[in-house]
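*Asks:* Those protein sequences? They're chains W and E, same order as listed. So the first sequence is numbered by my numbering: it starts at 1 and just counts up by one. So the second sequence is numbered by my numbering: it starts at 328 and just counts up by one.
Worth flagging that the hints you see were computed from the coordinates, not collected in a lab. Only a predicted model underlies this, so the values are computations on that prediction, with no experimental measurement involved. Misleading hints may appear alongside valid ones.
[Said to hold, decoys possible] In silico lysine to aspartate or glutamate, EDC-like type, Cα no more than 16 Å apart, as pairs: (1) LYS38(W) - ASP782(E); (2) LYS901(E) - GLU258(W); (3) LYS901(E) - GLU891(E); (4) LYS175(W) - GLU200(W); (5) LYS146(W) - GLU891(E); (6) LYS901(E) - GLU188(W); (7) LYS939(E) - GLU986(E); (8) LYS157(W) - ASP782(E); (9) LYS729(E) - ASP691(E); (10) LYS901(E) - GLU155(W); (11) LYS157(W) - GLU200(W).
[Stated by the list, open to error] To spell it out: a stretch of chain W is covered by chain E in this simulated footprint if at least three of its residues, at any positions, have a beta carbon under 8 Å from a beta carbon of chain E; those stretches are: (12) 33-46; (13) 59-69; (14) 206-218.
[Unchecked claim] Derived CB-CB ranges, DEER-like: (15) VAL957(E) - ARG92(W): 29 to 35 Å; (16) ASN207(W) - GLU806(E): 21 to 27 Å; (17) GLU781(E) - SER22(W): 19 to 25 Å; (18) ASN933(E) - ARG88(W): 31 to 37 Å; (19) ARG734(E) - MET252(W): 41 to 47 Å; (20) ALA67(W) - GLU781(E): 54 to 60 Å; (21) LYS876(E) - MET1(W): 45 to 51 Å; (22) ASN207(W) - VAL957(E): 44 to 50 Å; (23) MET1(W) - GLU806(E): 42 to 48 Å; (24) ALA67(W) - GLN826(E): 31 to 37 Å.
A virtual CB, placed ideally from N, CA and C, is assigned to each residue, including glycine.
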Amino acid sequence: MRPFLSYPRIPDTVELEIVSVSVDGRDLPYSQISRTEKTVALHQTGRGDWDLATLHLKAVLPDQEIADGPWSDVVCLAVLSENSTNVRSTARLAKGRDGTWQGKIELVRGRHLRRAVLSLAVVGEVNGVPGRAIGKSEAPWYLDLKESTPRRQREIKIVEADFREASEEWLRGFKDSAWVVATVEDPEIPIVYLNTSGVEGLVEVLNGTSGSAAEKVLRDTTTSQIAQDAWIAMFHTAVSNLDQDDDGTPIMPTGWQEPVLKMMLPDVLPGRQLTDALREINECRTSGAGWAELQTNIQFAAGKRSQIAKKLTGAVRTVDREERSEP
Amino acid sequence: MSPQQGEKFGSWLARQLRRAGMNQAELADELEMTRAAVSAWINDRAEPRPETQRRIAAILGTDSASIYNRTDVAPDLPLQWHHRSAYKDGGREYGNAAAFAFNADLSALAREATQNSLDERYDERKPVRVRYTLEELTGEHLDQFLAALHWDELREHYDEAALLEQKVSRSLKAALRDLDENKSLILLRVDDYNAAGLTGDEYGDGRYTAVVRRQLDSRKESGAKAGGSYGLGKVTLWATSRFNLVLINSTLSESYEGRTERRVVGRVDLPWRKVGNEAYAGPAWFGQADTEPNRQQVSRSWWADEQTVRDLHLDRLSDEPGTSFLIVGAHDASGTAESLKDMHEKLVIALAEGFWAAMVGGNDGGPLLEASVVAMRNGRVVVDEKRVDPHTSHPALSRAFKAYLDRDTVEELTTSTQVARADVTLVVPPRKSDKRKQGGGHHRAVLLVTPAGEDDDPVNQVVYMRGNRMTVMSKRPRELPLGATRFHAVLLAGYATEQTGADVELAEEFLRASEPPEHNDWKHTEELTSVYARGALSRLREFRVEIDKAVRQLVGRRTTVRGEGPAALRELLKLDVFGPAGSRSRRNVPLVEITRGDLDDTGAWNVWVDLKLPESDSTWRLTPIAKFDVRSGGRPVVAWKEIVPRDNCREEDGNLVIEAGVRLASFSGITDPSSHPVHGNLAGLIIDIQKSRGGAL
Chain W
1 MRPFLSYPRI
11 PDTVELEIVS
21 VSVDGRDLPY
31 SQISRTEKTV
41 ALHQTGRGDW
51 DLATLHLKAV
61 LPDQEIADGP
71 WSDVVCLAVL
81 SENSTNVRST
91 ARLAKGRDGT
101 WQGKIELVRG
111 RHLRRAVLSL
121 AVVGEVNGVP
131 GRAIGKSEAP
141 WYLDLKESTP
151 RRQREIKIVE
161 ADFREASEEW
171 LRGFKDSAWV
181 VATVEDPEIP
191 IVYLNTSGVE
201 GLVEVLNGTS
211 GSAAEKVLRD
221 TTTSQIAQDA
231 WIAMFHTAVS
241 NLDQDDDGTP
251 IMPTGWQEPV
261 LKMMLPDVLP
271 GRQLTDALRE
281 INECRTSGAG
291 WAELQTNIQF
301 AAGKRSQIAK
311 KLTGAVRTVD
321 REERSEP
Chain E
328 MSPQQGEKFG
338 SWLARQLRRA
348 GMNQAELADE
358 LEMTRAAVSA
368 WINDRAEPRP
378 ETQRRIAAIL
388 GTDSASIYNR
398 TDVAPDLPLQ
408 WHHRSAYKDG
418 GREYGNAAAF
428 AFNADLSALA
438 REATQNSLDE
448 RYDERKPVRV
458 RYTLEELTGE
468 HLDQFLAALH
478 WDELREHYDE
488 AALLEQKVSR
498 SLKAALRDLD
508 ENKSLILLRV
518 DDYNAAGLTG
528 DEYGDGRYTA
538 VVRRQLDSRK
548 ESGAKAGGSY
558 GLGKVTLWAT
568 SRFNLVLINS
578 TLSESYEGRT
588 ERRVVGRVDL
598 PWRKVGNEAY
608 AGPAWFGQAD
618 TEPNRQQVSR
628 SWWADEQTVR
638 DLHLDRLSDE
648 PGTSFLIVGA
658 HDASGTAESL
668 KDMHEKLVIA
678 LAEGFWAAMV
688 GGNDGGPLLE
698 ASVVAMRNGR
708 VVVDEKRVDP
718 HTSHPALSRA
728 FKAYLDRDTV
738 EELTTSTQVA
748 RADVTLVVPP
758 RKSDKRKQGG
768 GHHRAVLLVT
778 PAGEDDDPVN
788 QVVYMRGNRM
798 TVMSKRPREL
808 PLGATRFHAV
818 LLAGYATEQT
828 GADVELAEEF
838 LRASEPPEHN
848 DWKHTEELTS
858 VYARGALSRL
868 REFRVEIDKA
878 VRQLVGRRTT
888 VRGEGPAALR
898 ELLKLDVFGP
908 AGSRSRRNVP
918 LVEITRGDLD
928 DTGAWNVWVD
938 LKLPESDSTW
948 RLTPIAKFDV
958 RSGGRPVVAW
968 KEIVPRDNCR
978 EEDGNLVIEA
988 GVRLASFSGI
998 TDPSSHPVHG
1008 NLAGLIIDIQ
1018 KSRGGAL
């Protein structure tokens, strides 16, 4: 829920837009800035290292309401931060002639790792108290340092490798597996490794888009199975290291763990508020009581995400049809 | 012959004599000259001396300046309605077929009438100004108007026409009934200024006859740039009138009969009807009886005085050339706009929609068109004159167009306000008539793309334009990559590029030939296959493909890089940040909302809290927990001093108990200030609802 404050805030939401970005003085193509996704892809293939990105910003505030309201000395600040590097910097926007607030903020590459977050904070004096936060932008902008396509939604990384001679040495130990899921190798995103030498031809079938009915059945059921493995592993990883409030209530994590939990918790513990469900799971896990019983629910939630039932229904139908058509 | 006029003295004098009802002998007598002398003037064998001309002027009741300018002596002939007699072959028309080709709502009227005005722009350095005036007349104002219109003469024709069992008759009947019962009439006047006006002869070829006397006569003096080509547009004027009645007042850009101002005529289109013993064919004209020998009964346009145009609500704001069409009994045939205010709004929207581009001006050249709409009742303004502003109605597209006019476009987009330009080639095939198939050519059409705003709708469409910035269609480019920048785009072809040259003209003609009567597509038409060499359709198709490709290049992103893993697997492993999963789950969990909260004198929070609960078969047992919000890390819990159940709940050991089936409950609570880590004033309060330990959920 939105915290309740002892002073009035601006009722309307505040809009922040990244108008353009220049990277070391060169303009970033606008196709790498997405207003709908509120995401900027800073990585440019074929371009070498860079040091500094300057973001040109524009914000629209409900100026009339602010003028009529109890706020004074209103300041509009852009806030750039990244949790994993614990960096936070701000820049002031100034009101332009056209009524919008404009300004720029610099993103120093060396201070960020993967995804910086840009939001807008409106600060002003209320009831004699200066410097209160009186408004902020609804959804923040993401500045992705590793992507060349501005996509808010992240995808789990999938790596195809020959495990026998993989550069990641630990993979060699799994040379007989068809796939493995690694949730801690890269703190930013889980990785699914597909073994090109584990089951001869399997990866080719998975990558195919056509082929025989049997091939499709194999592709559908296998991808579902891999996905289920991945979701179970991700869920366990996500709940295994939670920060807590004073009273022991776990805090929803950030990063990839957040969407994983938000997507799965409603199926793991239906009918609960997210924080409440998280609390229960954390209790089960740390005390051990009910943890084993919970596994069934986690299996179920992961199965649902992986569309196991749907894919298997399709597979059974196909097999059935094939058999009938045989002479 | 006087320098400015084309008319010879003889023909002018002959007409004046007819009008005055005099013959040559009578004039000769008055002048005390021979009939032969008068005959010589009339047959242009001689011209009278200035002294004689002055005397002729005096006899005709005019001045010598009028003779010099060949101005007609305005005879005070009575105004009349002339109804066309039924065809001798017994043919009957129960309506105007051209009128049925349109959905005659106000949008169609605004589109067609304004396009005609635009096509007739007179001074190319200035915009055409169109002004739509809605006026409702009641009481005295209505009576005066109907009297000026000679309504009584028309009424019996209307009554007979309304009795027929025809489509047109039914709507006429309703219109007459409404007029009788409500005693009110809505007029819609469409004025244009800086347009050519209805020039030309009363009966011969010209703008006047194209509009007033003929059907499907597409006469566009500005030729190539014109939008229309089927001569259908003007029909919307009549179709908008519930009485199929339109009055016209035109100020001409080229004089006719030595005059330019207040050429007035009226026309009504009725079905075949019998009045008394006479059968009538269809149209009737309002004007003066013609004095030409073989057209004695026909009503012709007349040069009206200022009072008459005022009485007919046809007075114009200035003496600039242009035409005023007064639609009597105007209505929106779609039925969506009935009040003056709705009609006003619909016109404003239609004008913005159809002509935003023509209304955009650049730093060098102004707009082609200005448009405004006003609504009045009995001479009083009820909806203020609203100037249609393209930058308000179509901000992004107007910005794109202005950037193009100001040569302010870029090759690659780097900010959300830029406009990118790409040239797209249209190959115009040769005409079949070109002997060695060497005609045709390459036309560089212009594509403009600018990023769309977040809430813009619709987006990702290319607006296709030609001619004087006429919108032909809007289409979404094919194969847009997913996640491409949302955009607005305009394609300018032919004259819309503001360029000149042979290729522009060729492209314009070619594209116009490929448009159906609605002018809303570029595709196969009969004209296209009959005029152009084989392959014309393929050229159009290639053009579309090139345009789509150019759009993709400007807004698209590189397609997915290979090596990201099997698509089927990726699909199952998406981390859905905003997806429906979150909102779906929310429906089945209790929701908390602090509806009111104050800090009291002791520093404690006093809060009122609503709980929204999903359907449940069992009793809810919930623990409300208050916390102070922090930016990161653990949130400090604050203790309750008191929890008071308010609605639909009770308290048990600090828990709230809510019976099964209850969907909304509320409680209030006071926190214990001694448990606050900071003063309550300095932090935000949040409340978690947890399933209480040991209870059943």
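*Asks:* Checked against the structure, which of the hints given earlier come out wrong?
*Replies:* 8, 11, 13, 15, 19, 20, 24
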